[in-house]
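Kindly produce the complete structure, drawing on both the sequences and the hints.
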Amino acid sequence: MALVLFGVAARIMIVSSIITAAVPLAAVGVLVVLQALTVCRAFKGLLRSASTIESHGGRSHKGLSSEELERLPRFNFCEAQNIKESVLTNCTICLDVFQIGDICKLLPSCGHSFHTHCVDNWLLMNPICPLCRTSVAAAAAHRRSTASAVQIGI
1 MALVLFGVAA RIMIVSSIIT AAVPLAAVGV LVVLQALTVC RAFKGLLRSA STIESHGGRS
61 HKGLSSEELE RLPRFNFCEA QNIKESVLTN CTICLDVFQI GDICKLLPSC GHSFHTHCVD
121 NWLLMNPICP LCRTSVAAAA AHRRSTASAV QIGI
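Residue numbers (UniProt numbering): 1 to 154.
Keep in mind that a hint or two might mislead.
Distance ranges between label pairs, derived from CB positions [unchecked claim]:
1) E67 - V28: 50 to 58 Å
2) V28 - N126: 40 to 48 Å
3) L5 - V33: 39 to 47 Å
4) E67 - F43: 29 to 37 Å
5) P24 - K62: 41 to 49 Å
6) G111 - V30: 51 to 59 Å
7) S66 - C132: 17 to 25 Å
Hints were generated in silico from the structure; no laboratory data involved.
Keep in mind the model is a prediction, meaning the values are calculated, not measured.
Yeah, the Cβ is synthetic: ideal placement off N, Cα and C, and Gly gets one too.
Next comes the structure, spelled out in structure tokens:
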């Protein structure tokens, strides 16, 4: 009887040893598979980025083209516009106060305005308004600049 109990105890110990070794190995295996999938996904993203850079002449381009930027209306800031129209008194990109005579650019899709040099740099990288995130790309494609100075509501 003792011999039978000893045999059963030995089998239980062997099975528990196998389980004790198998569970951590299985966990490590799952982690290795997850890491491999992560690396593959990252590599696929790099390949996509490289093809985007190649298709745009060596630089990644997600924003507006320089032709689209030129189509957006520009205007000279003047104090009368600020008083009558409640136009923002500062550029929300550089946070500088608009000065009389500053050349500003109006985004027709949302009506927000910024210093031309500030918003042009932004729009080259992002085709959306930096203030409200409205798409500018569609409006830029259909609008043409009518003059170097646009008077708003005067």
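Structure-based check of each hint:
| no. | hint | in the structure |
| --- | --- | --- |
| 1 | E67 - V28: 50 to 58 Å | 55 Å, holds |
| 2 | V28 - N126: 40 to 48 Å | 42 Å, holds |
| 3 | L5 - V33: 39 to 47 Å | 42 Å, holds |
| 4 | E67 - F43: 29 to 37 Å | 34 Å, holds |
| 5 | P24 - K62: 41 to 49 Å | 45 Å, holds |
| 6 | G111 - V30: 51 to 59 Å | 53 Å, holds |
| 7 | S66 - C132: 17 to 25 Å | 23 Å, holds |
Hint compliance for this structure: no hint is broken.
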